[in-house]
Each structure stands twice: as structure tokens, then as C-alpha cells.
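Trainee: The chain contents come next:
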Amino acid sequence: MKSNNMKAWLYLIPAILFLGIFMVYPLVDVFIYSFEEGYNFASQSFTGTGLFNYSYVLHDPYFLQALKNTLILVVITVPVSTGLALLISLGLSSIKPLKHVFQTVYFLPYVTNTLAVGLVFMILFKKTAYTDGLINMLIQWFGGSSVDFIDGPYWAKMFVLCFYTIWIVMPFKILILTSALASVKQDYYNAAKIDGTSALRTFGRITLPMISPMIFYLIITGFIGAFKAYQDAVALFGTDLNSAGMNTIVGYVYDMLYGDSGGYPSYASAAAIILFVIVLTITTINLMIRRKNVQY
Amino acid sequence: MKVVLDHLTKKFVSRGKDKRDIIAVNDFNFEIPDGKLIGLLGPSGCGKSTALNLISGLEVPTHGRIWFGDTDVTDLQPENRGVGLVFQNYALYPHLTVLQNILFPLQNLKGKDKLSKEVMKEKALEAARLVQIDQLLDRKPGELSGGQQQRVAIARALVKTPSVLLLDEPLSNLDARLRLQTREEIKRIQQETGVTTIFVTHDQEEAMSISDLIIVMKLGVIHQIGKPQEVYDDPTNLFVAEFLGTPPINVFAGRVSQETLYIGEEAVLPVPGISDQEVWAGIRPEGFLLDDQGPFTCQLLRVEVMGRDISVVSTHSNSKTDKAIRSIISTDNTVDKSSKTVRFSLKPHKVLIFNKETEERLYFGQTAAKTEG
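Residue numbers (my numbering), protein chains in the order written: chain A, 1 to 296; chain B, 297 to 669.
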């Protein structure tokens, strides 16, 4: 037994070393930086320790804007994309002809480069000197007045960002949910049919509980993914997100490290730790809800 | 309620390249009397489950009608037929407790059939008591043994007091000991409720032991319907004879000449009434009598003492399959194990003769007189 234990540790060493060097050490390092005031990479020096970095970040209007943007993005995109993906998956699993064609079509955004998709969205939404963009042309067709979605009002920009994020994350969710739906045995549906269960009740009492582990998985990863959003915003609004007012928390961290206002690793670390705490809290809450509801 | 199948046929259209349709159920015509336990028996892939699904309404027949009593239910949805179905793997909802599982069918009732919570609970408890799981109501199916899950599934099927109970391979997921116990249990529940019950099985022993009637089928066609013992003693063709009985019937290539059955060169039995022809001769294991002067000689392989009786294993060059011939004789006999051969005389009513081409039964002597009279 004891020698077996030794062997087990021996096998684990490569993974532990790798994770330790590339994950645990940087995390700890970031944590330390976040308490060191005015840390400088070049000279490896700092002026003092304390909570000043956190205080600065939490009072920085750019950070607050980024926090607000991120929260709106999370609250809107996670439920909407999961719900839509569930509807589409249900549709996909109830049709027979063309099922695979549709599955492929729905999966295409997943294999398409984010920046390329961003370009397509620009064409759809951006106002230029020559054209108002496809969406605006549609709005005008129906008698509305055109809106500048890329450089215009905040809600318009937020709408495009949410729309884009939902579109990008849906394929993966559809993929997971269609396979989850397919794994529910036909016998359960037959049993329900024999008992005269209505379609709504079959969905609520049988299908949904059966696939609930997968739905929770998607919600948790969806939350984490949305909190870490950055490249979607860049794809749509360019790299100067602060002036566009569309920055996200990760974008703020990046800007603090390398951006135009760059060179403040201490502030970046503090912002990163704040994000980490938020994500950790949300995930813990999610897991607690899951434990209460998914039980078999 | 009696169940009548009238020219019932189910064809599955082929999606493969060969374009051959599969006829899973071919022109079923029979009547199941009210309150009986019926075993639908056949090798796997013979269309038993399809027949069951047709009766339950999960499948729609290609031709023919299904009657429950005086009602034509062919076009009714499953829930309007009043059937209870127990699935092979039980299909219990894993996220619901035993009680919630049993309540599930009742909660679906709408309109004037809607029951109050108390009545539902009472009915569910009644069903649970019937199958003796009333102390397990708060468990999840995953925490139950196979036999207990089976009972829950039966309770769920019975809770709406169906007029017909259908069981799909009810014992196949249980171990040998539990299987024996559960089949008695099914018989008891069926007798207590008096519900017409049809169960599907590929295990002939299962079907023989508890059924009031068995229906033997193969490749979508019914071969014989009757009381288990009658079907065993008096099969209409070689398939039925070979399918029923453990150990199975021993089949030999033989011929009838001048109303005498020959196996090899030996004249083993007089068979009055059968014209001269090539035949299959089936001899039940219990049809052999150890007899030093007997007409039938086999090469002795070994003797297995089973306690209750002796099983003599031997070979014969005319055996239909190359399998050893198994004959069961009482322990009063002693077999000379040093001898290379063993001689038998045969019990005439345990010898079944079949046409070599059609494999239909050929009757002789008393059995011929009985069937004709």
C-alpha cells in the first residue's frame, strides 16, 4: 500500500511540476503584486505594501465602467444563450431530415475565427461614409431611424456586444445539449407516452431533470467565459476600449499591463484578483444551487 | 378484458440498400381470454417486442385491428387504451423517488378524471403494497436492487388499474435466484388483480412455468398457441419442438419404411399411420428407457449423476446437429460405464416425427387418432 502511494506520487510529479510552475506560482505572484504599491518590472522594486492598489482600482472610473459592462454582458448573454441553445437543440432532436445539415450550420461559428466574425459584424452594423450598414438599412426599410451601433449610444454598442457574444458561444452549447438530449433513453419517453404525459410535462419533469447536469455545466462555464470576455469587444470596437466605453475587466487588466496607459502591474494584479474573487463567488453559488437541484 | 388481434401485421420499411422490408409481425390472429397470463415466446429478433408495442399503441400496425373487449383500440393513443407497460430496463425516472414514480401516471390525469392528492396517494400506496415495496417509497431508483426496481415498475404500470398489463422481458435483468422468485411474484400479482397480462420472453422455462397460455413465434409468424404442457407434449412443428424443453429435444435424421421408424439401420419404433418417407425424429430426453435389449444403440460418452436423476450423454451419427444426445433416466438404473455403447428402448409418446421438407409434425398411432378424433 505504502509503496503504491509512492508510485502514485511519482506518476503525478510531471503534472504537479507543470501546474506548479505555470499556474500556482503565477497566481501567487499576482496575489503578491496586488499588495505591492508601484511595482516596477524592470527594477523589481516597489514603494510600499498595503491595500492601496485595490482602493485605486475600485475608484478608477474606467474599472467601474469595465465592471458594469462585464456584469451586463454576463447577466444578459448567459441565460439568453443557454435558453436559445436549448430551444434549438430541442428543435434539432425532433427533426429527422436535414438534421445533420442544420447541426453543421449551427456549429460553424465555433470554428470561425473571432476576429473574422467581428469583421462580418462590422459590415452588418457599422456606419461609414458610404453605407449605414446592413442592419440600419433594414431598420430604415421598416421605417425606423438608423442607429450607429459601433460608435453610437451605449445601449446600441452593448446590444451589438451581447448579440455577438451570444452568437459566438451558442454552437458549443448546442453541441453539448443535442448530445445530452440524445442520451435520454427513448424508454423514458415511451413510458411517459403510455401514461399520457403532456408534452410540456414530459419536458419539465423528464427531459429537463435528465439533462440538468449538462445545463448546469453550461451555465457555470458560461459565467466564467462571460466574465473573462475581452477579445469579442476588441473584435467589434478596436483596441482602445476605454475611450469607446466598452472595456471589460480582462480588457482593463490588459490595458494596465501593456495598453496606452500601460506599465502598472500592481493595479493590473489587483483588478485580476478582484475578477478572480467575483468568478469564484459566482461559481460557488452555482455549485451550491446545483447540489440542491441535480440529484441522482 | 379480453384482447383480440385480427390479422395484425407490422412491416418496417427498409432503409438499407437491399430494399427488403422487414415483417416483424405477420398476420397475427388470436384471442386472449380475460384475466389470463399469456407468455409470448420466441427467439430474439422474432418480433415479440413489436407485437407488444402494437398492443400498447407505441407502434402503429400496417394492417389489422386490435380489440380490447368490444372496443376497437387500433386508432387510440396509448394513454386512451388503458394499458400498463413494464419496460425491459424498467424506465424508472432516476430523479424521482419511488413514490413520485408511482404517482407519475396519476398526476397526468386531466379534466373529470383528475384525482385529489389524497386519492392519488392512497392509490399509489395500494399499488406499492401489492408489490410489497411500501417501505421503500422515499428511495431513489438508483438505491434499489434490480428486483425492487422491477416491482416499482410493475406498481407504476398497475396504479391506473389498466385493463391490460404488458411486460417486456420482465425477468431478463435479474439474476437466476431472483428470476425464480420474481416469476412467482408476477403470477401472484396477476392472480390478485385479475388483470389480463401479456409478457414477452425468449426464455422458454420462464414462459412455461407461469403462463396460462403460451404463444410460440418465430420471424413474425405464430407457430403454436396453447397451454404450456400441451405445446410441449404436442408441438405442431420441429421449431416449436426444438424451442421448448431443457435439455432440448434430440433430433435425428431417420426414415419411415413400412410404418416403422428407422434411425440409421436400426428399426427403433413402430409408427402406424405414417407413409414411407425421410423424416426428422425428435426424442425428448425423458423418452429414453435404458434397455440392454433395446433397439436403439448410441455411443456412450459419459454419465452425469444429477442427484434426482441420471443424465446419459452419448452420440449418434444420425444426430441432426453434432451436439451430444442427452437422455434423462431415473436413478434406479445403473449404467455400465465401461461399455462403449448404450442401448435404449423408446417411449412412443415422447417420440415426435416431422416431415423432412416442411418440418411439420407427422402423427402416428395414438397421437394420430387423438388429433383426428
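FYI, nobody ran anything at the bench for these hints, they're computed from the structure. Treat the hints with care, as some may be off.
DEER-style ranges, computed between Cβ atoms [what the hints assert, rightly or not]:
1. B:Gln403 - A:Gln231: 23 to 33 Å
2. A:Thr112 - B:Asp409: 32 to 42 Å
3. A:Gly91 - B:Gln403: 25 to 35 Å
4. A:Phe102 - B:Arg316: 27 to 37 Å
5. B:Gln573 - A:Ala182: 54 to 64 Å
6. A:Leu208 - B:Ile318: 33 to 43 Å
7. A:Thr284 - B:Glu501: 27 to 37 Å
8. B:Gln384 - A:Val120: 43 to 53 Å
9. A:Lys292 - B:Gln403: 15 to 25 Å
With a straight-line Cα cutoff of 30 Å, these simulated BS3-like cross-link-like pairs (lysine-lysine) come out [unchecked claim]:
10. A:Lys193 - B:Lys633
11. A:Lys193 - B:Lys616
12. A:Lys99 - A:Lys193
13. A:Lys96 - B:Lys307
14. A:Lys193 - B:Lys636
15. B:Lys643 - A:Lys193
16. B:Lys523 - B:Lys406
17. B:Lys514 - A:Lys193
18. B:Lys410 - A:Lys185
19. B:Lys332 - A:Lys193
20. B:Lys417 - A:Lys292
21. A:Lys193 - B:Lys652
22. A:Lys193 - B:Lys410
23. B:Lys616 - B:Lys408
24. A:Lys68 - A:Lys193
25. B:Lys633 - B:Lys643
26. A:Lys185 - B:Lys483
27. B:Lys616 - B:Lys636
28. B:Lys332 - B:Lys298
29. B:Lys419 - A:Lys185
30. B:Lys332 - B:Lys523
31. A:Lys193 - B:Lys483
32. A:Lys193 - B:Lys298
Every residue, glycine too, gets a C-beta built ideally from N, C-alpha and C.
Trainee: Run every hint past the structure and note whether it holds.
Mentor: We went through each hint and held it up to the structure:
A hinted range of 23 to 33 Å for the beta carbons of Gln403 (chain B) and Gln231 (chain A) is inconsistent with their spacing of about 49 Å. Between Thr112 (chain A) and Asp409 (chain B) the beta carbon distance is about 53 Å. The supplied range of 32 to 42 Å is therefore violated. Checked against the given bound of 25 to 35 Å, the beta carbons of Gly91 (chain A) and Gln403 (chain B), roughly 27 Å apart, stay inside it. Look at Phe102 (chain A) against Arg316 (chain B): about 31 Å separates their beta carbons, and that is inside 27 to 37 Å.
Hint check: Gln573 (chain B) to Ala182 (chain A), Cβ distance near 57 Å, so the stated range 54 to 64 Å holds. Checking the proposed 33 to 43 Å range against Leu208 (chain A) and Ile318 (chain B) shows it holds: the Cβ atoms sit about 35 Å from each other. Between Thr284 (chain A) and Glu501 (chain B) the CB atoms are about 57 Å apart, so this pair departs from the stated range of 27 to 37 Å. Our hint of 43 to 53 Å for Gln384 (chain B) and Val120 (chain A) holds, since their Cβ atoms are close to 51 Å apart.
Against the hinted window of 15 to 25 Å, the Cβ-Cβ separation of Lys292 (chain A) and Gln403 (chain B) comes to about 23 Å, which satisfies the hint. At most 30 Å may separate the alpha-carbon atoms for a hinted pair to count; Lys193 (chain A) and Lys633 (chain B) exceed this at roughly 62 Å. Between Lys193 (chain A) and Lys616 (chain B), the direct Cα distance comes to roughly 47 Å. Violation of the 30 Å bound is thereby established for this hinted pair. A distance of roughly 24 Å separates the Cα atoms of Lys99 (chain A) and Lys193 (chain A); the hinted pair therefore holds under the 30 Å criterion.
At roughly 20 Å between alpha-carbon atoms, Lys96 (chain A) and Lys307 (chain B) fall within 30 Å of each other, so this suggested pair holds. At most 30 Å may separate the alpha-carbon atoms for a hinted pair to count; Lys193 (chain A) and Lys636 (chain B) exceed this at roughly 63 Å. Taking the CA atoms of Lys643 (chain B) and Lys193 (chain A), the gap is near 53 Å; set against the 30 Å cutoff, the hint is violated. For a cut-off of 30 Å, the pair hint linking Lys523 (chain B) to Lys406 (chain B) is broken: about 41 Å separates their Cα positions.
Note on Lys514 (chain B) and Lys193 (chain A): the hinted pairing holds, with a Cα-Cα distance of about 28 Å set against a maximum of 30 Å. A threshold of 30 Å between alpha carbons decides the hint, and for Lys410 (chain B) with Lys185 (chain A) the separation of about 28 Å falls inside it, so the pair holds. The straight-line distance between the Cα atoms of Lys332 (chain B) and Lys193 (chain A) is roughly 25 Å, inside the 30 Å bound, and the hint therefore holds. Among the hinted pairs, Lys417 (chain B) with Lys292 (chain A) is consistent with the structure: their alpha-carbon atoms are about 25 Å apart, no more than 30 Å.
Restraint check for Lys193 (chain A) and Lys652 (chain B): the C-alpha separation of about 47 Å exceeds 30 Å, so the hint is violated. Taking the CA atoms of Lys193 (chain A) and Lys410 (chain B), the gap is about 18 Å. The hint holds against a cut of 30 Å. For the suggested pair Lys616 (chain B) and Lys408 (chain B), the alpha carbons sit about 63 Å apart, so the restraint of at most 30 Å is broken. Using a Cα cut-off of 30 Å, the hinted pair Lys68 (chain A) and Lys193 (chain A) is violated, with the two alpha carbons roughly 48 Å apart.
Between Lys633 (chain B) and Lys643 (chain B) the alpha-carbon distance is near 23 Å, which keeps this suggested pair within the 30 Å criterion. As the CA atoms of Lys185 (chain A) and Lys483 (chain B) are separated by approximately 29 Å, the hinted pair is consistent with the 30 Å bound. Restraint check for Lys616 (chain B) and Lys636 (chain B): the C-alpha separation of about 21 Å stays at or below 30 Å, so the hint holds. With a C-alpha separation of about 9 Å, the suggested pairing of Lys332 (chain B) with Lys298 (chain B) holds against the 30 Å cut-off.
Taking the CA atoms of Lys419 (chain B) and Lys185 (chain A), the gap is near 28 Å; set against the 30 Å cutoff, the hint holds. Straight-line distance between C-alpha atoms of Lys332 (chain B) and Lys523 (chain B) comes to about 11 Å, which keeps the hinted pair within the 30 Å bound. Note on Lys193 (chain A) and Lys483 (chain B): the hinted pairing holds, with a Cα-Cα distance of about 26 Å set against a maximum of 30 Å. As the CA atoms of Lys193 (chain A) and Lys298 (chain B) are separated by approximately 23 Å, the hinted pair is consistent with the 30 Å bound.
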